[in-house]
Amino acid sequence: MIIRTEQYVHEAALGIRNPVLQISLAGLQERLGKGDLAAYQSLPEGPDLRYVAHDMRMSNICHLDIFLETLTDRIQEQGGHVFFASDAKAAVQYCIDVAARNDVRRVVKGKSMVSEEIGLNPALEAEGIEVTETDLGEYIVQLANGHPSHIIAPAIHKTREDVGRLFSEKLGIPFTSDPPPLTRAARNALREKFLNADMGISGCNLACAQTGHITTLSNEGNIRMASTLPRIHIAIMGMERVAATLDEHQVLLRLLSRGAAAQKMAGYVSYIGGPRQPGHMDGPDAFHLVILDNGRSRILADPEFREMLCCIRCVWRLNVCPVHIDIPRMLLALRSKLADGDPVWNVKRKSRLEKASFVLWSWLVTHPGLYDMVLGLSASAQNHWLSSKKENRMISKLPGPLSGWTRSRDLRPLAKKRFVQTYCPGKPDESESPE
Amino acid sequence: MRPHVTLFIQCLLDTFHPAVCQSMLDVFKHLDVPVIIPKDQTCCGQPAFNAGYRLEARKAASHFLDVFQNSDVIVCPSGSCVYMIRHHYPLLFENDPVRLNRSREICTRIYEFSEFLVDVGSAYSGQVTYHDSRHLARGLGIREQPRQLIRHVSGATLVEMSDSDRCCGFGGAFSIKYPDISSALVDDKVHAILASGADTGVGCDMGCLMNIEGRLSRMGSGIRVMHIAELLANGLGKGSRP
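Protein chains in written order, with this note's numbering: chain H, 1 to 435; chain Z, 1 to 242.
Mixed in with the good hints there might be a few duds.
[Said to hold, decoys possible] Lysine-lysine pairs mimicking DSS-like chemistry, simulated, CA-CA at most 27 Å apart:
no.: 1; chain 1: H; residue 1: K417; chain 2: Z; residue 2: K59
no.: 2; chain 1: Z; residue 1: K59; chain 2: H; residue 2: K355
no.: 3; chain 1: Z; residue 1: K29; chain 2: H; residue 2: K416
no.: 4; chain 1: H; residue 1: K417; chain 2: Z; residue 2: K29
no.: 5; chain 1: H; residue 1: K348; chain 2: H; residue 2: K337
no.: 6; chain 1: H; residue 1: K337; chain 2: H; residue 2: K355
no.: 7; chain 1: H; residue 1: K350; chain 2: Z; residue 2: K29
no.: 8; chain 1: H; residue 1: K337; chain 2: Z; residue 2: K59
no.: 9; chain 1: Z; residue 1: K59; chain 2: H; residue 2: K348
no.: 10; chain 1: H; residue 1: K350; chain 2: H; residue 2: K337
no.: 11; chain 1: H; residue 1: K34; chain 2: H; residue 2: K264
no.: 12; chain 1: H; residue 1: K397; chain 2: H; residue 2: K417
[Said to hold, decoys possible] Using C-beta positions, here's what the derived DEER-type ranges look like:
no.: 13; chain 1: Z; residue 1: P34; chain 2: H; residue 2: P401; range: 27 to 33 Å
no.: 14; chain 1: H; residue 1: P44; chain 2: Z; residue 2: L100; range: 40 to 46 Å
no.: 15; chain 1: H; residue 1: L402; chain 2: Z; residue 2: G155; range: 46 to 52 Å
no.: 16; chain 1: Z; residue 1: G141; chain 2: H; residue 2: P44; range: 40 to 46 Å
no.: 17; chain 1: H; residue 1: W345; chain 2: Z; residue 2: Q69; range: 34 to 40 Å
no.: 18; chain 1: Z; residue 1: L31; chain 2: H; residue 2: L402; range: 20 to 26 Å
no.: 19; chain 1: Z; residue 1: P90; chain 2: H; residue 2: V374; range: 27 to 33 Å
no.: 20; chain 1: H; residue 1: G295; chain 2: Z; residue 2: P34; range: 56 to 62 Å
[Unchecked claim] Stretches of chain Z that chain H covers, calculated by requiring three or more beta carbons in the stretch to come under 8 Å of a beta carbon on chain H:
no.: 21; segment: 8–16
no.: 22; segment: 33–45
no.: 23; segment: 51–62
No lab work stands behind these hints: they were computed from the structure. Yeah, the Cβ is synthetic: ideal placement off N, Cα and C, and Gly gets one too.
Produce the entire structure from the sequences given, and follow the hints as far as they go.
Have a look at this one:
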């Protein structure tokens with residue numbers, strides 16, 4: 001489900017009224033959110049390692065050209081193919097071309113948000129290729145023809161009963177809501193897919209320029225199977241994911257495991273630097289790395305938003321962010337673009353009325369006499385809305401946009417006179433001491 | 001003129017909750033700190049800034065700078081307004097060197113209400129251990145206050161010594177009349193200080209401190225002994241605030 005800005009308020013209201021989702025999200029926050037903070041505390045370097053990691057990431061993305069080139073050289077030396085995709089379309093086309101050249105009919109996928117970003121599944125399916133998601137949550141979502149609702153918990157909006165009904169319908173097993181048999185059913189169905197797949201597609205959690213490898217993390221082992229069993233492995237990587245050295249890589253890897261799932265290390269971590277080498281027991285015949293731009297260069301070019309590329313997509317924000325990204329700063333910057341428009345980002349002013357209100361407001365707060373007067377007039381006018389029934393004389397209904405407050409809250413009425421005025425009855429420019 | 005504070009009243013308090021403002025005045029009156037409330041104050045500009053209207057926020061912020069230009073210490077009973085001034089004014093005026101300087105300068109003088117009451121703004125570098133002197137701790141029941149003050153000294157870490165409220169052996173004339181007993185007691189105290197790993201011993205009674213200092217000096221120890229006033233006066237104004 002792609003949620004657009006216009007639908008956000010509506011969709012959010014629906015989400016808030018969905019008790020299953022709310023209980024699951026609260027549980028996730030309680031377990032993983034707090035677990036993450038505890039996990040950072042137990043870092044041998046201490047929780048401040050997150051600040052160090054922030055600097056590392058800033059340095060990584062500020063020298064992206066060098067590190068991506070090094071990564072590419074290394075992977076090519078190891079027999080892999082690297083493709084730089086400028087946008088989603090180019091990335092999708094590359095995958096389709098590789099599939100066509102190699103007569104690929106069946107694809108297994110490891111969970112990858114970047115493949116969601118470029119809309120890979122429908123594009124491959126349109127080519128007549130069967131695509132199977134192999135992460136249990138993603139598999140459930142795919143069987144239900146839905147979209148992941150959460151980066152690390154894609155099926156969090158579904159109950160065990162939902163999954164039971166879905167599996168009995170799609171996998172032909174008797175209905176049960178018991179997790180072990182459900183997981184076994186998925187496992188049996190997926191094993192078959194793994195063994196018959198021609199191509200595996202995964203994302204990329206991190207990459208390392210120095211060694212020339214990409215890293216995948218999972219807790220179900222499915223990404224390792226998707227990247228080693230089929231003949232071909234395509235990994236799609238957001239271009240910002242590269243760390244310079246193995247030293248930096250290990251710091252970020254540890255923080256990502258802690259950040260994403262409050263683990264010291266994910267259950268399955270794979271370093272992949274190319275196809276199967278001579279003498280290796282397993283691995284694909286061909287390895288392709290698609291390095292995706294899709295707007296990231298534009299973010300990189302803007303000093304105000306560059307920091308966003310530090311993100312290693314663990315899902316947690318703010319005080320739990322493993323690389324301490326200053327989200328509030330960027331939100332404020334985004335809002336200022338909406339308020340006044342920004343030709344560079346092709347953003348138009350959000351609301352003329354709101355702009356006019358703030359112009360009027362800025363004029364009032366710089367003219368204290370008028371400010372007093374307007375507040376005085378408002379205080380007299382509010383009697384109209386003041387509930388006479390309530391003992392505490394609160395306002396419980398307001399008109400227009402102000403009704404957003406009174407829908408669920410009362411509002412204390414304005415004081416008859418501003419406090420500042422009460423204590424300073426003198427001329428506007430005189431300060432007074434209230435003795 | 002007596003030292004005083006200038007109050008910046010948050011607009012929500014100003015217009016909806018005058019009683020809270022009165023409570024704040026009561027606290028200052030009790031502390032015998034005169035207050036000044038500039039009449040021309042309106043709003044710090046935060047509503048516009050948070051909504052993205054930086055031009056309008058800048059106008060309100062300029063007005064704020066003008067109104068509080070000559071104020072010495074400014075206290076505001078609102079965390080978000082103080083945050084706005086300390087963290088966002090420099091951003092708002094990044095292309096206006098004159099106002100940028102004025103806002104940086106005002107940042108060093110504005111305090112949130114509770115912060116003003118607790119933080120002194122001192123700075124010190126070191127591990128500080130605290131000695132509970134008998135009259136202060138057991139007599140007056142003052143144990144937590146000095147520790148709170150030490151914790152608020154930027155750069156100082158409070159490390160507790162064992163038995164911090166055990167006598168140091170000073171006791172006034174006792175230290176001269178019974179030098180052996182007194183020395184044995186101060187030895188225990190000094191060992192507790194050494195064992196704490198602190199590089200600085202702090203207390204609120206000079207007698208104890210002279211006793212401890214004298215013994216440390218004789219032992220050739222480099223541990224500094226300070227009255228809490230000395231610690232607090234250290235680096236005044238340099239203490240960083242979160």
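Index of numbered hints that the structure contradicts, given in increasing order: Those not satisfied are hints 7, 13 and 18.
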